[in-house]
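Number of protein chains: 2
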Amino acid sequence: MLGLGLIGGSVLRAVTAAGRPVWGATTSTVDASEAVAAGYPVEQTVAGALRRAVDTDALVVLAAPLDAVGGLLATITELAPQCRLTDVVSVKAPVADMVRRHTPLVRYVGGHPMAGTAESGWAAGSEDLFRDAAWVVNTEDDGDAAVWRDVVRLALDCGAHVVPAGIEEHDAAVARVSHLPHVLAAVLAAVGADGGPLAMALAAGSFADGTRVAGTRPELVAAMCEGNRDALLPAVDEALGRLGAARGSLASTGALTATVRAGHTGRQALDASRAIELVEERVELTGATVPERLRELGRRGGRVIGLEEHAVVVRAPRDED
Amino acid sequence: MLGLGLIGGSVLRAVTAAGRPVWGATTSTVDASEAVAAGYPVEQTVAGALRRAVDTDALVVLAAPLDAVGGLLATITELAPQCRLTDVVSVKAPVADMVRRHTPLVRYVGGHPMAGTAESGWAAGSEDLFRDAAWVVNTEDDGDAAVWRDVVRLALDCGAHVVPAGIEEHDAAVARVSHLPHVLAAVLAAVGADGGPLAMALAAGSFADGTRVAGTRPELVAAMCEGNRDALLPAVDEALGRLGAARGSLASTGALTATVRAGHTGRQALDASRAIELVEERVELTGATVPERLRELGRRGGRVIGLEEHAVVVRAPRDED
Numbered sequence: 021m022l023g024l025g026l027i028g029g030s031v032l033r034a035v036t037a038a039g040r041p042v043w044g045a046t047t048s049t050v051d052a053s054e055a056v057a058a059g060y061p062v063e064q065t066v067a068g069a070l071r072r073a074v075d076t077d078a079l080v081v082l083a084a085p086l087d088a089v090g091g092l093l094a095t096i097t098e099l100a101p102q103c104r105l106t107d108v109v110s111v112k113a114p115v116a117d118m119v120r121r122h123t124p125l126v127r128y129v130g131g132h133p134m135a136g137t138a139e140s141g142w143a144a145g146s147e148d149l150f151r152d153a154a155w156v157v158n159t160e161d162d163g164d165a166a167v168w169r170d171v172v173r174l175a176l177d178c179g180a181h182v183v184p185a186g187i188e189e190h191d192a193a194v195a196r197v198s199h200l201p202h203v204l205a206a207v208l209a210a211v212g213a214d215g216g217p218l219a220m221a222l223a224a225g226s227f228a229d230g231t232r233v234a235g236t237r238p239e240l241v242a243a244m245c246e247g248n249r250d251a252l253l254p255a256v257d258e259a260l261g262r263l264g265a266a267r268g269s270l271a272s273t274g275a276l277t278a279t280v281r282a283g284h285t286g287r288q289a290l291d292a293s294r295a296i297e298l299v300e301e302r303v304e305l306t307g308a309t310v311p312e313r314l315r316e317l318g319r320r321g322g323r324v325i326g327l328e329e330h331a332v333v334v335r336a337p338r339d340e341d
Numbered sequence: 021m022l023g024l025g026l027i028g029g030s031v032l033r034a035v036t037a038a039g040r041p042v043w044g045a046t047t048s049t050v051d052a053s054e055a056v057a058a059g060y061p062v063e064q065t066v067a068g069a070l071r072r073a074v075d076t077d078a079l080v081v082l083a084a085p086l087d088a089v090g091g092l093l094a095t096i097t098e099l100a101p102q103c104r105l106t107d108v109v110s111v112k113a114p115v116a117d118m119v120r121r122h123t124p125l126v127r128y129v130g131g132h133p134m135a136g137t138a139e140s141g142w143a144a145g146s147e148d149l150f151r152d153a154a155w156v157v158n159t160e161d162d163g164d165a166a167v168w169r170d171v172v173r174l175a176l177d178c179g180a181h182v183v184p185a186g187i188e189e190h191d192a193a194v195a196r197v198s199h200l201p202h203v204l205a206a207v208l209a210a211v212g213a214d215g216g217p218l219a220m221a222l223a224a225g226s227f228a229d230g231t232r233v234a235g236t237r238p239e240l241v242a243a244m245c246e247g248n249r250d251a252l253l254p255a256v257d258e259a260l261g262r263l264g265a266a267r268g269s270l271a272s273t274g275a276l277t278a279t280v281r282a283g284h285t286g287r288q289a290l291d292a293s294r295a296i297e298l299v300e301e302r303v304e305l306t307g308a309t310v311p312e313r314l315r316e317l318g319r320r321g322g323r324v325i326g327l328e329e330h331a332v333v334v335r336a337p338r339d340e341d
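Those protein sequences? They're chains A and B, same order as listed.
Residue numbering for the first sequence follows my numbering, starting at 21 and increasing by one per position.
Residue numbering for the second sequence follows my numbering, starting at 21 and increasing by one per position.
Chain A extracted, bound-state conformation:
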């Protein structure tokens, strides 16, 4: 574990609890001393942790913010240029690009655990942070199958289920459901507050809910959204298109029915995805189409919940085809 903040620290705890060998390192002296005080194995330096990973061919996990990834990759290039590598950064294409540029020999499969809190740092973590959460594991046609298994095992050890997804489709999905919500919350909060104390005094649940994430530390939100720029732009454009259509309809015919109905249908899709019955299946990990079959599973709302020698156990909605 390179990085022992909220995510890295929680992974270290969860993997330890699962009874698997793991060790961490971080440049944060606060996180390091708190982890040591809690009895977890922490190497003195990132270099030391990496050398130990090379000796045992261990999976290296980058658990750092996007802007710290480049520096860590430079160290990896120097000390562990062919290591097994994954990461937990919330955007995948920018990390994959950096890996390709900085450490082309590394065996890399990206990941993204969909869990977190408003807090940060070792102290905010827990071994249960990923329990029942989705953990996206990048599933590319040219991905390293052995490292893919390592990352799936890591996610399952943490209590998460695995959603297989390609790099681009992951970034497009989180642009819609993680980053656009922050942009729209910011817009709503600003327009609302421009109404002054009277508007704030009349604000009720709809405004409070719609602006909740605007209370998150602005530097974190801006960095997260900016890091997914290529995928966020088309999502913002879709929102602009829909909002502009609502505006036009309201101004011309006075009707908002189409906008409101589409929103209601969208919200029902979220509720349905959480209520849908999932059926257990096994997917054999043989043949050239494995990555595409796994991505297709993710696209229809399925997930990997178990790992066997030549197969994965999955849960998925019944295939309608």
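The set of hints was computed from the structure by calculation and includes no laboratory data.
Watch out, some of these pointers could steer you wrong.
Derived coverage of chain A by chain B (criterion: at least 3 residues anywhere in the stretch with Cβ under 8 Å from a Cβ of chain B; other residues may be distant) [as the list claims (entries may be wrong)]:
no.: 1; region: 179–190
no.: 2; region: 195–209
no.: 3; region: 218–229
no.: 4; region: 239–253
no.: 5; region: 271–285
no.: 6; region: 306–320
Where a beta carbon is used, it is the ideal one built from N, C-alpha and C, also for glycine.
For this one, chain A is given, so just place chain B on it according to the hints.
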């Protein structure tokens, strides 16, 4: 009380609990029979309730959806053309316009209790629905001072506090904090769901919170937003402007800092308005500037909490001037 649904039924209960004489009528046989079964006084017909109001010069409360207001006003024109009248509809200019057109002799002061649930009908109501809620009372320069007192008394009897506001400024404020949130939630829900089951599987708290109100019955949301069209259009335009600026900045420099910071400041304004210390004052109800002084109180986040013969007791943030 004309109308015994969620709001009207809750007012009937609360005023009864406050020990003041009140009676209701409704065209909904379900609401009427449930109210009677619960022991509340319900007239057989709206006409009967109105005749009784004329006999006692009682305050008539329109507790019906906007699209039912015209029909009730026609009955009032016929049977009680000079009655004291208020309403609880969530937009004020359209109701005031209808009152002016249909019943020009009526003594009308509009109101809007800021409370509700996703449910509707008598059965969903309670005598505590308005406890500690804001109840906007329209405070116009040419308003009827006696009826204004009636409506303030009604709101206080229901356990609410009164926010004095002009008709237009009320509609502008709720466009920002009640109606725009519904439009943006609909846009977000639609764009998110367009990402398919994969996006829904990765949706977490930010998407769930930002789309919660998109789960409300679409006919209710559309009618509510469309009813405030004149005030909602400029609020949507402000949102379009801010979202377009975010898009431009993200596409050109890659930065979302300005958008995110403005949103954070806006959300802090909401939190501050809920945490601010309010100081008790008395405002004398004498002189021609009373309405403007009361509106100014509302504009700086103040509220009326008590009614005396020639004054109101208010709570307000310290005046910085």
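Hint by hint, here is what the structure shows:
1. 179–190: The restraint on the region 179–190 of chain A holds, since 4 of its residues have a Cβ under 8 Å from chain B and three suffice.
2. 195–209: holds (count 13)
3. 218–229: It holds: at least three residues are needed, and the region 218–229 of chain A offers 12 whose Cβ sits within less than 8 Å of chain B.
4. 239–253: The restraint on the region 239–253 of chain A holds, since 7 of its residues have a Cβ under 8 Å from chain B and three suffice.
5. 271–285: It holds: at least three residues are needed, and the region 271–285 of chain A offers 12 whose Cβ sits within less than 8 Å of chain B.
6. 306–320: holds (count 3)
Going down the numbered hints, you'll see the structure goes against none, and every one checks out.
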